[in-house]
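Sequential numbering from 1 applies to the first sequence in the UniProt record's numbering.
Bear in mind the hints are in silico, worked out from the structure with no lab data behind them.
These figures come from a predicted structure and were not determined experimentally.
Just so it is clear, CB atoms sit at the ideal spot from N, CA and C, and this is done for glycine as well.
It is possible that part of the hints are untrue.
[Said to hold, decoys possible] Quick list of simulated restraints, FRET-style, between CB atoms: (1) A78 <-> N296: 41 to 51 Å; (2) S73 <-> S415: 45 to 55 Å; (3) E292 <-> Q74: 54 to 64 Å; (4) V16 <-> A78: 36 to 46 Å; (5) L227 <-> K410: 36 to 46 Å; (6) A492 <-> R385: 45 to 55 Å; (7) I200 <-> A224: 23 to 33 Å; (8) A224 <-> E292: 36 to 46 Å; (9) S442 <-> E394: 19 to 29 Å; (10) A209 <-> D378: 47 to 57 Å; (11) E362 <-> K410: 52 to 62 Å; (12) I200 <-> A393: 16 to 26 Å; (13) K475 <-> T384: 25 to 35 Å; (14) E514 <-> V16: 25 to 35 Å.
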Amino acid sequence: MNIRQILNEKVSAAMVAAGLPADTNPAVSVSNRPQFGDYQANGVMGAAKKLKTNPRELAQKVMENLDLADIASQVEIAGPGFINIHLDPSWLAAQLQVANADDKLNISQSEQPKKVVVDYSAPNLAKEMHVGHLRSTIIGDAVVRALEFRGEQVIRQNHMGDWGTQFGMLLAHLSDKLAHDEVAETALADLEDFYRQAKIRFDEEDGFADRARDYVVKLQGGDADCLALWQQFIDISIHHSEEIYDKLNVTLKRDDIMGESAYNPDLPKIIDTLMAKNIAVEDQGAKVVFIEEMANKDGEPSVFIVQKSGGGYLYATTDLSACRYRSFDLDADRIIIFTDARQALHFKQVEITARNAGLLRESTAYDHCPFGMMMGSDGKPFKTRTGGTVKLAELLDEAVSRAQTLMADKIADFSEQERAEIARKVGIGAVKFADLSKNRTSDYIFNWDTMLSFEGATAPYLQYAYTRIQSIFKKAGVDATQLTGNIMISEAQEKALAVKLLQFEEVLDAVISECTPNLLCNYLYELASLYMSFYEACPILKDGVADEVKQSRLQLCQLIGKTLQQGLDLLGIEVMERM
RNA sequence: GGACACGUAGCUCAGCUGGAUAGAGUACCUGGCUACGAACCAGGCGGUCGCAGGUUCGACUCCUGCCGUGUCCGCCA
1 MNIRQILNEK VSAAMVAAGL PADTNPAVSV SNRPQFGDYQ ANGVMGAAKK
51 LKTNPRELAQ KVMENLDLAD IASQVEIAGP GFINIHLDPS WLAAQLQVAN
101 ADDKLNISQS EQPKKVVVDY SAPNLAKEMH VGHLRSTIIG DAVVRALEFR
151 GEQVIRQNHM GDWGTQFGML LAHLSDKLAH DEVAETALAD LEDFYRQAKI
201 RFDEEDGFAD RARDYVVKLQ GGDADCLALW QQFIDISIHH SEEIYDKLNV
251 TLKRDDIMGE SAYNPDLPKI IDTLMAKNIA VEDQGAKVVF IEEMANKDGE
301 PSVFIVQKSG GGYLYATTDL SACRYRSFDL DADRIIIFTD ARQALHFKQV
351 EITARNAGLL RESTAYDHCP FGMMMGSDGK PFKTRTGGTV KLAELLDEAV
401 SRAQTLMADK IADFSEQERA EIARKVGIGA VKFADLSKNR TSDYIFNWDT
451 MLSFEGATAP YLQYAYTRIQ SIFKKAGVDA TQLTGNIMIS EAQEKALAVK
501 LLQFEEVLDA VISECTPNLL CNYLYELASL YMSFYEACPI LKDGVADEVK
551 QSRLQLCQLI GKTLQQGLDL LGIEVMERM
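Could you put together the complete structure from these sequences and hints?
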């Protein structure tokens with residue numbers, strides 16, 4: 001159920017009836033002020049300008065043809081030609097009733113499910129996951145969940161960095177460790193440390209660099225022993241990532257991995273295709289695509305190298321291959337890629353080249369969704385005091401332990417197991433919400449205190465709202481499934497909640513089309529905030545509350561609880577009965 | 001040099017296809033717990049939306065120029 005969509009259709013019909021062209025945009029939006037109603041249609045003014053007529057008179061004509069019986073209690077013209085729509089409380093109540101009775105909260109399902117390939121997380125397996133991987137991982141996962149909730153068919157693709165020259169030095173180092181009777185799991189327990197050791201040997205130890213390069217050649221040549229060693233490394237590194245996904249409550253599984261190495265056999269064919277179509281040309285020994293579509297003012301084309309002069313392939317080649325695989329083999333209607341903004345130019349080049357070369361069908365949408373880097377409080381790229389990257393695992397552990405400390409006295413009488421579980425949900429939720437609630441494609445400031453804060457617009461606020469609802473039901477001794485009577489909307493707080501609850505689908509649509517989970521964060525915070533106000537203003541279990549009012553408000557609480565839980569679940573944030 | 005982002009309250013950030021008086025959180029100040037859970041609520045303070053033009057009934061939003069910040073740009077990913 002999408003109120004805006006319904007109103008857009010109704011206003012559009014009225015516009016046509018008033019003599020306006022069928023393609024006139026009704027421009028229905030949520031009103032930003034209570035006196036302007038719940039929704040407003042702004043399309044009349046634009047239409048009047050085109051026809052050079054008086055906008056207020058036109059608005060009058062449209063309004064006379066506007067059929068909002070039952071839906072609206074009041075419709076009025078204001079200002080230069082706004083049509084303000086006040087929704088009818090009993091209509092709202094009836095809609096809430098429907099939503100409350102439906103497993104999917106009356107969120108409509110996609111009639112013709114789209115096949116959507118979502119490429120996210122994509123850690124570099126040579127190293128441990130650090131805070132920079134947080135955004136891609138959790139934003140991607142939230143969008144994936146939203147798509148599936150609306151009934152789209154999602155194919156997750158974890159484009160892990162499991163190939164490349166750096167593996168030469170890592171395998172050489174690992175080989176030595178194993179020769180000294182070390183077990184791979186132990187040697188690779190701290191990947192960051194392992195990488196550092198290998199790098200030092202590469203830079204300083206005589207002969208090691210040559211051995212590293214030798215390993216690269218053997219690896220690319222398909223040497224069996226070398227591949228086995230590589231596979232061992234990859235497996236352990238993937239296991240590290242899986243632990244993080246588990247902690248983060250992210251849905252990525254081993255089957256979703258489609259690493260860079262998977263495209264390796266296809267790369268020569270990609271180059272052949274580009275050369276055959278004369279899209280790539282040889283230049284200074286390398287194979288290069290000159291992209292005229294992206295030329296600068298002087299007409300100089302953008303340069304895109306697809307094969308090195310030595311014959312080696314680059315990530316450009318891999319991403320072109322991924323285009324072909326996803327568009328043709330997987331038959332994707334849409335491809336969404338979440339990486340940081342520094343790769344924006346690259347993916348623009350990939351798309352244009354892929355489309356020109358027929359590696360990407362016209363019917364496949366290609367959306368690169370960039371986001372900014374994580375900066376320190378000094379505005380420079382975020383690092384630890386010693387200049388290293390902050391491990392994601394450490395950030396998450398710190399969040400949980402902070403939550404544990406903060407809640408120590410509040411949940412002192414809970415069982416040990418329950419305390420640990422609550423601390424985990426609150427701590428991880430806080431980290432995820434802090435990141436997911438930001439939309440900027442530009443860089444953003446990382447701050448331990450803000451990220452692990454439990455006050456204000458944070459995940460714990462939403463979780464707290466949820467526990468308050470559960471607490472009411474427990475106190476009332478009522479089974480939530482045994483409520484009677486109808487929802488009634490009388491108080492202002494109730495109406496505000498009703499409208500907000502029914503906007504869930506509008507928000508999900510925006511999250512999916514723009515790949516912006518922050519809209520869902522904002523929505524859930526607003527919903528929880530309205531609930532808190534309602535909670536103060538509208539008694540439920542207190543003496544003197546009529547039973548039908550009590551039943552109505554309990555049902556309202558129930559739907560709010562379900563919506564909060566569902567919304568948070570789409571963000572991969574868990575709720576609890578008490579905290 | 002070129003391309004692309006971004007510049008909104010002290011701080012961190014919202015602001016939907018251009019709409020009415022630019023919104024939250026935080027910090028600071030004032031109230032509210034003999035309690036449906038105060039991790040909360042009600043209220044106050046706080047902005048020349050980087051600057052200057054332009055488009056129009058109307059601009060934080062679109063266009064141009066400038067200033068500032070950042071990223072990327074032929075053999076890393």
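Hint-by-hint comparison with the structure:
In this structure, A78 and N296 meet the distance hint of 41 to 51 Å, their C-beta atoms being roughly 48 Å apart. S73 and S415 have their C-beta atoms about 50 Å apart, which keeps the hinted 45 to 55 Å range intact. A beta carbon spacing of about 57 Å between E292 and Q74 agrees with the range 54 to 64 Å that was offered as a hint. Remark: the range hint 36 to 46 Å for V16 to A78 is contradicted by a beta-carbon distance near 23 Å.
Taking the beta carbon of each, L227 and K410 are about 54 Å apart, not inside 36 to 46 Å as hinted. Look at A492 against R385: about 51 Å separates their beta carbons, and that is inside 45 to 55 Å. For I200 and A224, the Cβ-Cβ distance of about 29 Å falls inside the hinted range of 23 to 33 Å, so the restraint holds. Separation of A224 from E292 is about 45 Å and conforms to the stated range, judged on CB atoms against 36 to 46 Å.
Checking the proposed 19 to 29 Å range against S442 and E394 shows it holds: the Cβ atoms sit about 26 Å from each other. The given range of 47 to 57 Å is broken by A209 and D378, whose C-beta atoms sit roughly 35 Å from each other. Checked against the hint of 52 to 62 Å, the C-beta distance between E362 and K410 comes to roughly 57 Å, which is consistent with it. The beta-carbon spacing between I200 and A393, approximately 23 Å, falls within the hinted interval of 16 to 26 Å.
Distance hint check for K475 and T384: the Cβ-Cβ separation is about 47 Å, which falls outside the suggested range of 25 to 35 Å. Between E514 and V16 the CB atoms are about 29 Å apart, so this pair conforms to the stated range of 25 to 35 Å.
Checked against the numbered hints above, the structure violates hints 4, 5, 10, 13; every other hint is satisfied.
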